[in-house]
Amino acid sequence: MEKLPADKYKTDKVFIDDYLDSIIADRKSKEEQERLTEQSKLEFDKIKLEQAKLEIELDNSNDEFGKITLSSAFGENVEAKLIKTSITFDNNSLNRPMDCLVAITDKLNTEALIPPSLYEALCSINNKTNKKENDTFAESVDSFTPFLNDENDAASGN
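Residue numbers (my numbering): 1 to 158.
Not one of these hints is a red herring.
Taking lysine-lysine pairs in the PhoX-like style, the calculated list, with each CA pair at most 20 Å apart, reads: (1) K81 x K53; (2) K84 x K67; (3) K53 x K84; (4) K67 x K81; (5) K107 x K81; (6) K107 x K67; (7) K41 x K30; (8) K53 x K41.
Derived CB-CB ranges, DEER-like: (9) N77 x Q33: 49 to 57 Å; (10) E120 x Q39: 50 to 58 Å; (11) T69 x L122: 17 to 25 Å; (12) T105 x I47: 19 to 27 Å; (13) S124 x S40: 48 to 56 Å; (14) F44 x I104: 22 to 30 Å; (15) E31 x R96: 43 to 51 Å; (16) F74 x V102: 17 to 25 Å; (17) I125 x L82: 30 to 38 Å; (18) S124 x A52: 40 to 48 Å; (19) E38 x L122: 48 to 56 Å; (20) G75 x R96: 38 to 46 Å; (21) I125 x L101: 25 to 33 Å; (22) F44 x G75: 37 to 45 Å.
No lab work stands behind these hints, which were simulated from the structure alone. Keep in mind that this is a model prediction, so the values were computed, not measured. Quick reminder that beta carbons are idealized off the backbone N, C-alpha and C, glycines included.
Based on the provided sequences and hints, a complete structural model is requested.
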């Protein structure tokens with residue numbers, strides 16, 4: 001911020017008023033930035049506390065329901081904690097929250113779990129595809145007859 005020349009103060013009242021208004025505006029802006037920064041810090045702390053609360057709740061609820069082993073489609077087994085949680089649907093199809101037992105883990109190699117019925121359907125499609133490929137291969141092997149050359153037969157006396 002620039003220094004105010006003393007002679008301007010005596011001669012230009014509008015300049016002085018504008019100058020003081022700019023000082024006040026700068027201070028208000030700085031105070032607002034500090035307030036927003038502090039508010040952001042408080043919100044962040046609030047989120048951290050909520051996360052800690054949920055982690056404690058998760059740890060406490062895990063003892064009650066134990067653990068489960070999840071089997072991946074490729075045979076890998078992953079241990080998961082069982083927790084009880086309440087769920088609601090946005091479309092109001094449930095009149096009240098419903099308790100649900102869910103498995104929690106951070107060791108999955110995929111973004112989703114699929115139900116056994118979908119897994120079986122995928123395996124069935126895979127098996128059908130493999131069977132068709134095997135049948136096609138078997139047909140091509142059956143139709144392949146090596147050395148059907150009359151010259152070779154004549155030379156060998158056949």
